[in-house]
Amino acid sequence: MLAATDLRVEFASRGRPAARAVDGVNLAVGAGEIVALVGESGCGKTTLARTLLGLERPTAGTVSYDGTPLSYRARALKAYRREVQLVLQDPMGSLNPRQTVYEAVAEGPRIHGLPDEEKVVAEALSRAGLRPPERFFLRYPHELSGGQRQRVVIAGALALDPKVLIADEPVASLDASVRGEILALLLRLRDDLGLSALVVTHDLGLAWNIADRVAVMYLGRIVESGPTEEILRAPQHPYTQALLSVLPESPERIVLTGEPPDPTRIPTGCRFHPRCQVVAAGNVIAPTCQTTLLPVLPAIPEPQSACHLTI
Amino acid sequence: MSLLEVDNLSVTYRIASGDVLAVRGVSLSLEAGEALGIVGESGSGKSTLAMAMLRLLPKDARTEGRILLGGEDVLAMKWGRLRAVRWAEASIVFQGAQHGLNPVQRIGDQIAEPLLVHKLATPEKARARVVELLEQVGLPAWRARSYPHEVSGGQRQRVMIAMALACEPQLIIADEPTTALDLMVQAQVLALIKDLIASRGISLLMISHDLSVLADTCDRLAVMYAGRVVEAGPSSGTFRHPYSQALAAAFPTVGDPTSRLAPQGLGGDPPDPQRLPSGCVFHPRCPVALDTCSTVDIDLRPAGDRRTAACVLVLEESC
Ligand SMILES: Nc1ncnc2c1ncn2[C@@H]1O[C@H](COP(=O)(O)OP(=O)(O)OP(=O)(O)O)[C@@H](O)[C@H]1O
Ligand SMILES: Nc1ncnc2c1ncn2[C@@H]1O[C@H](COP(=O)(O)OP(=O)(O)OP(=O)(O)O)[C@@H](O)[C@H]1O
Ligand code: SF4
Ligand code: SF4
Ligand SMILES: [Mg+2]
Ligand SMILES: [Mg+2]
Chain A
752 MLAATDLRVE FASRGRPAAR AVDGVNLAVG AGEIVALVGE SGCGKTTLAR
802 TLLGLERPTA GTVSYDGTPL SYRARALKAY RREVQLVLQD PMGSLNPRQT
852 VYEAVAEGPR IHGLPDEEKV VAEALSRAGL RPPERFFLRY PHELSGGQRQ
902 RVVIAGALAL DPKVLIADEP VASLDASVRG EILALLLRLR DDLGLSALVV
952 THDLGLAWNI ADRVAVMYLG RIVESGPTEE ILRAPQHPYT QALLSVLPES
1002 PERIVLTGEP PDPTRIPTGC RFHPRCQVVA AGNVIAPTCQ TTLLPVLPAI
1052 PEPQSACHLT I
Chain B
2 MSLLEVDNLS VTYRIASGDV LAVRGVSLSL EAGEALGIVG ESGSGKSTLA
52 MAMLRLLPKD ARTEGRILLG GEDVLAMKWG RLRAVRWAEA SIVFQGAQHG
102 LNPVQRIGDQ IAEPLLVHKL ATPEKARARV VELLEQVGLP AWRARSYPHE
152 VSGGQRQRVM IAMALACEPQ LIIADEPTTA LDLMVQAQVL ALIKDLIASR
202 GISLLMISHD LSVLADTCDR LAVMYAGRVV EAGPSSGTFR HPYSQALAAA
252 FPTVGDPTSR LAPQGLGGDP PDPQRLPSGC VFHPRCPVAL DTCSTVDIDL
302 RPAGDRRTAA CVLVLEESC
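The listed protein sequences correspond, in order, to chains A and B.
Here our numbering is used: the first residue of the first sequence is 752, the next is one more, and so on.
Here our numbering is used: the first residue of the second sequence is 2, the next is one more, and so on.
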């Protein structure tokens, strides 16, 4: 349905090497599928999401929707953004404090000139679980709970009847007790409306809760992907193994040293080698890791990992 | 004697629209070298409780009850004594404080400041101490010359911990020390905190809305709801109060089939501290509430295995 092929996004800056925020990504989200894109801060998740929405133009590679490459002409983009909607993290930041719930949700339908505005807004609010919708029309964001605000943001996206949602950290700023409510909503929208979703997160529990497939991103690349059960239960890539090992339920911790790496200076060979626990333990594969590049993983549903140990 | 003993503490903010009952009769104790975690959702009164320990609340807050730190009554302390306690015996890592580092002062100078202000060290000794502190929190000595914007979020949080350690306190109160940090960086900071408690016998009071952060670092947990502790017990045990159970279910165990494609939530809204429900304050959201719950408020009662819980369904005789 939505696919990225060999996608690259670079940010140039004066006097410094370009930041290769997305550095060769193949990714596909099928109809009615929920894919979780996980990885640490700065690994390029938001940049990838924005590029999939056409908000950022790729340096190389293509985004395609329903098999057709995305056109960046204003008209085509506008039509595209009815089908593919973005839900941002931080509902307080993405809602205008002086706008009522009605106005916030009606914005999209107005831009696209949809008829029956009130009906569209009411329907979107009830789909997002704000029922009866009329009760919420005239409320302001500060009069809503955190979970309700996030529902308003989701309703705004649903008002255009999209086929795909791209949600960037949809529950990161929400309380634990509200979090489940929003995740259940995403699952229900998939079941009832056949909605596809790409959920960007660094929360592995969220992926376990709702995703059909998981893609693990490290420094601009997808290093492991596959069905959620396989990837989260039996990760093959050392980076995924380390991420899972720091969860409280894990018996043994692999705490990687060093900070998240810098996309202006991507290491040679395997980009993870300076922090890889397998290399640190002096594995015989280490020299290969430091010098030999790895292929870019294709967009296939089967489990796969970009690591010299598994290739 | 416990290092910290809080007895029936209440804090009320008096604002134009009325009284906000932020903390309502909290009692807890912390032994030397022990780590106690306080968990609860936004607005449950965690930060208010932490600030009350060292009388750091704004003027419109009224504090009642008793706080004993090393046997001394904090609420009765004279101003001078209180100041001495704040830098020498207990220090707080404030929520969001990593954003409060002075952007135009080098990290090393900020860590050294309390040592110099309180004349605990000569400038030379202070410099040596800064290097020592940076090493303890896993940062290289040259970082002393960096400015806050030149280090990552996780490193800034380490700087905050180094500052809290500078005067060798007995007690550290850490309010959401790893919120907004990445999983891996969070694990690094938590491992550091755990190490410091173990190696230096410091007591820790750690606050978070994320149960998984506390479960591993703390020996005991207290769960707050609407300004009250509704459950307290060893962090390794099983929760008995329906609210704690809902909180725990919201953080799924990766690999557990029961939570796969089945996110657990809790309906309803967090209570408004200006309009608290009658009876058990949790009853409007409680999935197993009885008819009596809307009228009868239950105190903490023994719930077995050194645990207490404030719920009518926890039968005292069963333990
Ligand atoms: N407009 C920009 N100009 C220059 N560099 C950028 C720009 N946007 C992003 N970057 C860099 O690209 C990298 C990826 O950023 P991105 O926001 O995609 O990460 P992320 O995975 O979403 O992180 P987070 O979890 O913190 O949101 C980062 O190193 C960031 O500094
Ligand atoms: N200065 C203040 N004046 C009035 N009310 C306040 C003040 N500070 C906090 N409150 C209220 O007291 C209650 C408890 O707030 P507190 O900051 O202690 O919660 P918390 O548990 O730390 O929440 P969070 O997880 O969001 O940090 C809230 O309802 C809050 O709105
Ligand atoms: S290729 Fe080598 S460095 Fe990269 S993840 Fe695998 S073992 Fe580690
Ligand atoms: S006392 Fe009643 S309402 Fe309160 S937690 Fe127990 S069962 Fe639920
Ligand atoms: Mg992001
Ligand atoms: Mg707080």
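Each hint should be verified, as a subset may be incorrect.
[Said to hold, decoys possible] Chain B stretches covered by chain A per the calculated footprint, using a threshold of three residues with CB under 8 Å from any CB of chain A: (1) 72-81; (2) 243-255; (3) 258-266.
[Unchecked claim] If you want the footprint, here are the derived chain B segments under chain A, 3+ residues with CB under 8 Å: (4) 23-36; (5) 113-122; (6) 290-298.
Keep in mind the hints are simulated off the structure, nothing from the lab.
Where a beta carbon is used, it is the ideal one built from N, C-alpha and C, also for glycine.
(message) Please verify the coverage claim for the region 113-122 of chain B: does it have three or more residues whose C-beta sits within 8 Å of some C-beta in chain A?
(response) violated (count 0)
(message) When I compare C-beta atoms, does the region 243-255 of chain B have three or more residues closer than 8 Å to chain A?
(response) Satisfied; 8 residues make the cut.
(request) Check whether three or more residues of the region 258-266 of chain B sit with their beta carbon closer than 8 Å to a beta carbon of chain A. (result) Satisfied; 7 residues make the cut.
(request) Examine the region 72-81 of chain B for residues whose CB is less than 8 Å from any CB of chain A, and state whether their number is three or more. (result) Violated - the region 72-81 of chain B has 0 residues with a Cβ nearer than 8 Å to chain A, which falls short of three.
(request) Confirm or reject the coverage of the region 290-298 of chain B by chain A under the rule of 3 or more residues with a beta carbon closer than 8 Å to the chain's beta carbons. (result) Contact hint for the region 290-298 of chain B vs chain A: violated, 0 residues under 8 Å.
(message) Can you tell me if the region 23-36 of chain B counts as covered by chain A, using C-beta to C-beta distances under 8 Å and a minimum of three residues?
(response) Since three or more residues must qualify, the claim that chain A covers the region 23-36 of chain B is violated, with 0 doing so at under 8 Å.
When each numbered hint is compared with the structure, violations occur for hints 1, 4, 5, 6.
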